[in-house]
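Protein chains: 2
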Amino acid sequence: MTDTASFPVTPRNRVKRMHERARYDRASVWAVLDAAALAHVAWVLDGQPFCTPTIHWRDGDRLYWHGSAASRMLRTQAEGLPVCLTVSHLDGLVLARTAFHHSVNYRSAMCFGLARLVDDPEEKARALDGLVDRLSPGRAARLRPTTAQELKATSVLAMDVEEASVKVRAAGVADDLEDLSWPVWAGVVPLAAHVGAVEPCPHGTAPAPEPTDLAVWREGRRVDDVLRETQGLWRPSAEPAEGA
Amino acid sequence: MTDTASFPVTPRNRVKRMHERARYDRASVWAVLDAAALAHVAWVLDGQPFCTPTIHWRDGDRLYWHGSAASRMLRTQAEGLPVCLTVSHLDGLVLARTAFHHSVNYRSAMCFGLARLVDDPEEKARALDGLVDRLSPGRAARLRPTTAQELKATSVLAMDVEEASVKVRAAGVADDLEDLSWPVWAGVVPLAAHVGAVEPCPHGTAPAPEPTDLAVWREGRRVDDVLRETQGLWRPSAEPAEGA
Chain A
1 MTDTASFPVT PRNRVKRMHE RARYDRASVW AVLDAAALAH VAWVLDGQPF
51 CTPTIHWRDG DRLYWHGSAA SRMLRTQAEG LPVCLTVSHL DGLVLARTAF
101 HHSVNYRSAM CFGLARLVDD PEEKARALDG LVDRLSPGRA ARLRPTTAQE
151 LKATSVLAMD VEEASVKVRA AGVADDLEDL SWPVWAGVVP LAAHVGAVEP
201 CPHGTAPAPE PTDLAVWREG RRVDDVLRET QGLWRPSAEP AEGA
Chain B
1 MTDTASFPVT PRNRVKRMHE RARYDRASVW AVLDAAALAH VAWVLDGQPF
51 CTPTIHWRDG DRLYWHGSAA SRMLRTQAEG LPVCLTVSHL DGLVLARTAF
101 HHSVNYRSAM CFGLARLVDD PEEKARALDG LVDRLSPGRA ARLRPTTAQE
151 LKATSVLAMD VEEASVKVRA AGVADDLEDL SWPVWAGVVP LAAHVGAVEP
201 CPHGTAPAPE PTDLAVWREG RRVDDVLRET QGLWRPSAEP AEGA
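From first to last, the protein sequence lines stand for chains A and B. To convert, note that position 204 of the first sequence is 204 in the numbering used here; the numbers rise steadily by one, no gaps. To convert, note that position 219 of the second sequence is 219 in the numbering used here; the numbers rise steadily by one, no gaps.
None of these hints come from the bench; they were simulated from the model. This structure is a prediction, so every number in the text was calculated from the model and none was measured. Incorrect hints may appear among the rest.
Which copy is meant is left open, because identical chains are indistinguishable; a pair holds if it fits in one copy or across any two.
[What the hints assert, rightly or not] Below 20 Å or equal to it, Euclidean Cα-Cα: the simulated SDA-like pairs (lysine to any residue) are:
(1) 124 <-> 24
(2) 152 <-> 105
(3) 124 <-> 182
(4) 16 <-> 150
(5) 16 <-> 125
(6) 16 <-> 66
(7) 16 <-> 199
(8) 16 <-> 55
(9) 16 <-> 179
(10) 124 <-> 225
(11) 152 <-> 216
(12) 16 <-> 220
(13) 16 <-> 123
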């Protein structure tokens, strides 16, 4: 499956409002997912929806995230738990001359599929290395190795994306012609997450090695730029995960 | 209801993992909500969960957000649609000497309640003024007034928060003592959203007035600081909304 291949469009993932802003191809979905570390997962327990924030990472068509309140429930769901994992970037506020045309610039991706618990220790260990390496490529191999007990204490969830959609707005003020003379300032306020100055742990007793794994996390860089870069360093191929 | 009053703690909002990071008082919940413009709402249709990103705003115990795919469904739900609205801030990456102690610094709030469609035109107009004024206090009154047709074309949802919880991690690396000598760099990479340089709309035909409503959105400021300030300017009282 190449990255230009589209996900199927069904009643579940078809964008209803502002459908001219929608995309369904993998490259567009991955571009939104890979540029963020934070995702929100919607899932249901006895009719009650929960929206759980988590750190996600992507290996091909497969998404991983960390154990959550859902992990106990998953043990009883052999066929997987229906979830919707969403990643959003708020890129700016659009202040128009009319309340109606106020808007925001954003990129968001919704991914649908069945979540399952990663129980196999080998797959779990490989997945967790991915969590570290996706944020700091090559770092996992330099860490104190994970113990069997630590592995057991960690829940990892996986989902093969079945359907997905992307919505993007990246434009200026869209007031109607007849409103352009209304005497109020109008424009876009851009917003973006940036990297701050790293705070070394003060408790180390060994000489600190060169932080080569932090070369990409330079102060002032846009977080979405860094994360796209680390994803590319970790998974340089555009090919999907084994078995995906 | 004062801001120090706690929400009830039930099986629905009780924090299961890392419960020492949990809070249930209004002041803590509002601090997380008010510092963000972006929320994610989980809701269910025929057993399928959806996670919809949206812009939220808060008036006392009442949360508002914009129409979404859920709005058609809500017309048939006189008693309201169960939702979970979550706001999260990713404040930093915690790079430890062990994969197990890798973490992130974050603030997140989950709010539970029944969403309803705001149908009354007067309540809807007041709510939408809130959306504008919450981002740029005093701006709504300066805009070209909203027409009845525009109001009709806009869906607004409201939810009185029944239960909520907050989780916060704001700390350094938490490796075990025996791992502190492992020879790998460890520390925190802080992340934060900042305001960029405003981009005035180039299509205005009237002389642009002083952008007094943008005084708070100065380039370089932290977005969460600005939003806490605008919320305080819009709703200086700690008292909840009328009827909440």
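Okay, the hints, checked on the actual structure:
no.: 1; hint: 124 <-> 24; in the structure: neither (29 Å within a copy, 33 Å between copies)
no.: 2; hint: 152 <-> 105; in the structure: neither (42 Å within a copy, 23 Å between copies)
no.: 3; hint: 124 <-> 182; in the structure: neither (59 Å within a copy, 23 Å between copies)
no.: 4; hint: 16 <-> 150; in the structure: between (44 Å within a copy, 19 Å between copies)
no.: 5; hint: 16 <-> 125; in the structure: neither (40 Å within a copy, 24 Å between copies)
no.: 6; hint: 16 <-> 66; in the structure: between (30 Å within a copy, 14 Å between copies)
no.: 7; hint: 16 <-> 199; in the structure: neither (44 Å within a copy, 29 Å between copies)
no.: 8; hint: 16 <-> 55; in the structure: between (28 Å within a copy, 18 Å between copies)
no.: 9; hint: 16 <-> 179; in the structure: neither (27 Å within a copy, 52 Å between copies)
no.: 10; hint: 124 <-> 225; in the structure: neither (28 Å within a copy, 39 Å between copies)
no.: 11; hint: 152 <-> 216; in the structure: neither (31 Å within a copy, 48 Å between copies)
no.: 12; hint: 16 <-> 220; in the structure: neither (37 Å within a copy, 36 Å between copies)
no.: 13; hint: 16 <-> 123; in the structure: neither (37 Å within a copy, 25 Å between copies)
Checked against the numbered hints given earlier, this structure breaks hints 1, 2, 3, 5, 7, 9, 10, 11, 12, 13; the rest are met.
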